[in-house]
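Enquirer: Same order as they appear, the protein sequences are chains G and U. Heads up: the first sequence begins at 1 in the numbering used here, then just goes up one per residue. Heads up: the second sequence begins at 1001 in the numbering used here, then just goes up one per residue.
Any given hint could turn out to be false.
[Unchecked claim] Chain U regions said to be covered by chain G (calculated; three or more residues, Cβ under 8 Å):
hint: 1; segment: 1020 to 1026
hint: 2; segment: 1142 to 1152
[To be verified] Once the Cα atoms are required to be at most 20 Å apart in a straight line, the calculated SDA-like pairs of lysine to any residue come out as:
hint: 3; chain 1: U; residue 1: K1048; chain 2: G; residue 2: S17
hint: 4; chain 1: U; residue 1: K1086; chain 2: G; residue 2: S17
hint: 5; chain 1: U; residue 1: K1248; chain 2: G; residue 2: M22
Hints are computed from structural coordinates only; laboratory data are not their basis. A quick note: this is a predicted structure, and the numbers were derived from the prediction, not measured. Ideal Cβ placement from N, Cα and C applies to all residues, glycine included.
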Amino acid sequence: MATLHVNIVSAEQSIFSGDAEMVVVPGESGELGILPQHAPLLTRIKPGTVKVTLAGGAEELVFVSGGILEVQPKALTILANTSVRAKDLDEAKVMQAKQAAEEALANRQSGQERAVVQAELSQLAAQLAAIRKLRK
Amino acid sequence: MAGSKEIRNKIKSVENTRKITKAMEMVAASKMRKAQERMRAARPYSEKIRSVAANLSHANPDYKHAFLQKRDVVRNVGVIMVTSDKGLCGGLNTNAMRLMINKIKEWEGANAKVQATAIGNKGLGFLMRYGIPVVSQVVGLGDKPHLEKMIGPIKAQLDQFAEGKIDVLYLCYTKFINTMKQETMCEQLLPLSGDKLGAPDSSWDYLYEPDAKTVLDELLERYIESIVYTAVAENIASEQSARMVAMKSASDNAKKVIGDLKLTYNKARQAAITKELSEIVGGAAAV
């Protein structure tokens, strides 16, 4: 029987890679059963369990917290999210990051200016050059 | 023998310093290996998402996402600066800051305003002191960076781009080439150029669920996130290898200093013995 090359990857690691006879994926608009020679398809998937039926008939279950499913006739790729994503959750993260930046700005020392930093940096660069010369 | 005790103390203190730098060197070496593994682990995702995005943008020439559109006038520049949280890693952060200063000068020379996102403590401090507005930041990522923590800061810049508050977005980080070599980079992130996506492996159109636009939007956002994540992973590997090299040379220097001090100490000791002997001989002769 024809098989399908399955890759489940997340941004931080590769989760699963191998050949399968069938894959069941929690698609956004319902469960999808993908067999080899499926038409090219691209869809978002919901958080849930991906069931991979391996060539021998054994089953492998992988939990994904949403992501994108890409189907090609002989290959299937799931680009899994590393965590559950929701629009408002993302929004909250943006707010958090902004707040942190504003707080840091409020705490920053006022006396320090560009020129000081530049002077510091050029000094460091000179030091670095000197060290390099010494080493030669 | 007035000087000998001081020299002995000095030798001891340098020896202690050497122990610390030696330990830091070994810790950095093992962390570097792990950081490299993480860097490699991130590769399949970024390659896959890149090829899907390339396929998509070729298959859908009619739908142009905002991220793909080039803007004629650049008035506002956004930059994501990736640095380490801790120091003692040689010239890593200094080099990144120097590149940043040059770039900022270049942008401001072209009459563009700059705003930044800081990933890492050192870069944050630098941007604050340099007076660049920081729109979002994340510090304290540790040795195992998690994408989850970076989503917010990255999205802040992407939103700004989508709203037209910035016209171009850059990413600055230190690329890991090998243990001895790291290179400071400043790459354009947005708008995405077609060359960066590369040619598609094959050309076909997909069936989309629910529709092409939604999928493409999400895909491009994930793609940018994966690029930034990879940059952070590379930066950590660079940090650890730079630290390893810096600590190795510090240990070597300490060894040299100890050698010099021991020589001085022995000379002083010998001089004292000679002096004592000649005093005894002189005393005996006087009797």
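Enquirer: Against this structure, judge whether each hint is valid.
Expert: Going through the hints against the structure:
no., hint, in the structure
1, 1020 to 1026, "violated (count 0)"
2, 1142 to 1152, "holds (count 5)"
3, U/K1048 - G/S17, "holds, 13 Å"
4, U/K1086 - G/S17, "violated, 36 Å"
5, U/K1248 - G/M22, "violated, 53 Å"
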